[in-house]
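Number of protein chains: 2
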Amino acid sequence: MSDAPYFAPAADTRETEEGDRLRPKFDASGLVTAVAVAASDGEVLMVAHMNAEALALTIETGEAHYYSRSRGKLWKKGESSGHTQRVIELRVDCDQDAVVMRVEMAGTGAACHTGHRSCFFRSVPLGARPTPELALTVNDAGKLFDPQAVYGTPAPSDTPRF
Amino acid sequence: MSDAPYFAPAADTRETEEGDRLRPKFDASGLVTAVAVAASDGEVLMVAHMNAEALALTIETGEAHYYSRSRGKLWKKGESSGHTQRVIELRVDCDQDAVVMRVEMAGTGAACHTGHRSCFFRSVPLGARPTPELALTVNDAGKLFDPQAVYGTPAPSDTPRF
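Chains as they are written, first to last, in the working numbering: chain A, 1 to 162; chain B, 1 to 162.
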């Protein structure tokens with residue numbers, strides 16, 4: 001395997017924002033933000049992070065890879081659950097510290113480890129100053145799979161699930 | 001103005017992920033990730049960050065507020081450009097460290113300070129190991145406004161533009 005670098009830093013802000021080269025701006029932890037949306041209808045499925053290797057593998061293989069901050073390691077989405085993500089399109093933002101992927105989900109179509117299609121399955125009411133009692137409402141039709149059946153049971157609530 | 005807290009920490013992961021209360025999990029810098037998508041067609045417009053005050057103001061006013069890491073301060077989206085964002089719906093993800101907003105853009109409808117509708121106006125080619133020469137392709141029809149006319153000219157390329 002080649003040791004050649006995947007990416008190079010941008011010379012300046014103008015090259016980052018207006019240039020035609022990929023110049024990812026990794027943060028102090030070496031990460032960019034990654035947003036996955038459903039290719040079918042554009043729904044935002046999840047927000048996670050990628051290090052340089054995860055971004056490079058995603059580009060090369062067309063399968064979404066992320067970097068787990070909690071586990072401190074690279075992971076291929078779906079490696080334990082089967083809920084892989086085939087990347088149809090990958091976009092980078094103006095300052096190149098975030099990417100958006102249009103993905104086709106495998107398996108049940110659920111991207112969230114809780115069993116919901118999207119991680120964003122709860123809505124926040126608007127129009128009043130928030131307090132700690134602010135109640136969320138579930139905005140989908142429920143879980144598409146049983147997390148305990150997929151990830152094993154019993155699982156400590158702080159176990160990362162991929 | 002009340003000094004009562006906007007938010008409270010979650011008791012545990014289960015409350016964060018399965019509970020019906022807003023328990024934002026701010027990172028070490030006090031921020032959550034915020035994704036704005038167009039209410040009209042679901043296109044991802046931008047990815048930015050919110051501190052507790054920005055999130056609270058967004059909830060209370062229904063107008064998107066963010067926290068600028070480069071300027072180290074709260075900003076209301078569109079405060080200098082007129083490109084404000086009216087929040088139609090606000091969702092929070094499973095681990096409550098990211099929110100997605102469906103927004104109606106004011107003005108030209110462009111969310112990006114470069115003049116493009118979306119900050120994600122460049123696509124990354126897939127299918128080969130990336131190298132520093134990997135070329136991006138522009139995926140939209142061009143700029144909706146002239147940044148120099150809106151933000152002033154000449155502007156140093158590293159001047160944050162809101």
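Note that these hints are calculated values from the structure, not bench results.
Cβ atoms here follow ideal geometry from the backbone N, Cα and C, with glycine treated the same way.
Wrong hints could be hidden among the right ones.
[Stated by the list, open to error] With the Cβ distance kept under 7 Å, some of the chain B side facing chain A (calculated, not the full set):
{"hint": "1", "residue": "G42"}
{"hint": "2", "residue": "V44"}
{"hint": "3", "residue": "A56"}
{"hint": "4", "residue": "K73"}
{"hint": "5", "residue": "L74"}
{"hint": "6", "residue": "W75"}
{"hint": "7", "residue": "V92"}
{"hint": "8", "residue": "G109"}
{"hint": "9", "residue": "T114"}
{"hint": "10", "residue": "F120"}
{"hint": "11", "residue": "P132"}
{"hint": "12", "residue": "D140"}
{"hint": "13", "residue": "L144"}
{"hint": "14", "residue": "A149"}
{"hint": "15", "residue": "Y151"}
[Said to hold, decoys possible] As a list, the in silico DSS-like pairs of lysine-lysine whose alpha-carbon atoms are at most 25 Å apart:
{"hint": "16", "chain 1": "A", "residue 1": "K73", "chain 2": "B", "residue 2": "K25"}
{"hint": "17", "chain 1": "A", "residue 1": "K76", "chain 2": "A", "residue 2": "K25"}
{"hint": "18", "chain 1": "B", "residue 1": "K76", "chain 2": "B", "residue 2": "K143"}
{"hint": "19", "chain 1": "A", "residue 1": "K73", "chain 2": "A", "residue 2": "K25"}
{"hint": "20", "chain 1": "B", "residue 1": "K73", "chain 2": "B", "residue 2": "K25"}
{"hint": "21", "chain 1": "B", "residue 1": "K76", "chain 2": "A", "residue 2": "K73"}
{"hint": "22", "chain 1": "B", "residue 1": "K76", "chain 2": "A", "residue 2": "K143"}
{"hint": "23", "chain 1": "A", "residue 1": "K143", "chain 2": "B", "residue 2": "K73"}
{"hint": "24", "chain 1": "A", "residue 1": "K143", "chain 2": "A", "residue 2": "K76"}
{"hint": "25", "chain 1": "B", "residue 1": "K76", "chain 2": "B", "residue 2": "K25"}
{"hint": "26", "chain 1": "A", "residue 1": "K143", "chain 2": "B", "residue 2": "K143"}
Handout entry: Supplied contact hint for A56 of chain B, tested at 7 Å Cβ to chain A
Key = Holds - the Cβ of A56 of chain B comes within 7 Å of chain A, reaching about 5 Å at its closest.
Handout entry: Status of the hint placing D140 of chain B at chain A (closest C-beta pair under 7 Å)
Key = Violated, about 10 Å.
Handout entry: Supplied contact hint for F120 of chain B, tested at 7 Å Cβ to chain A
Key = holds (4 Å)
Practice task
Please work out if K76 of chain A and K25 of chain A have their alpha carbons no farther apart than 25 Å.
Solution key: holds (21 Å)
Handout entry: Pairwise hint evaluation, K73 of chain A against K76 of chain B, where the allowed Cα distance is 25 Å at most
Key = violated (36 Å)
Handout entry: Hint check, W75 of chain B versus chain A [nearest Cβ-Cβ separation less than 7 Å]
Key = violated (15 Å)
Practice task
Closer than 7 Å between Cβ atoms is the bar; does V44 of chain B clear it against chain A? Give me holds or violated.
Solution key: At about 5 Å, which falls below the 7 Å cut-off, the nearest Cβ of chain A leaves the hint on V44 of chain B intact, so it holds.
Problem - Cut-off 7 Å, beta-carbon criterion: hint that Y151 of chain B touches chain A - result: violated (13 Å)
Problem - Proposed proximity, K25 of chain B with K73 of chain B (alpha carbon, max 25 Å) - result: holds (19 Å)
Exercise for the section: Could you grab the alpha-carbon distance between K143 of chain A and K73 of chain B and see if it respects the 25 Å cut-off? Expected result: violated (39 Å)
Exercise for the section: Under 7 Å, Cβ to Cβ, is where G109 of chain B needs to be relative to chain A, so tell me if that hint holds or is violated. Expected result: violated (16 Å)
Handout entry: Status of the hint placing K73 of chain B at chain A (closest C-beta pair under 7 Å)
Key = violated (17 Å)
Consistency with the previously given hints fails for numbers 4, 5, 6, 8, 12, 13, 14, 15, 21, 22, 23 and 26, ordered from lowest to highest.
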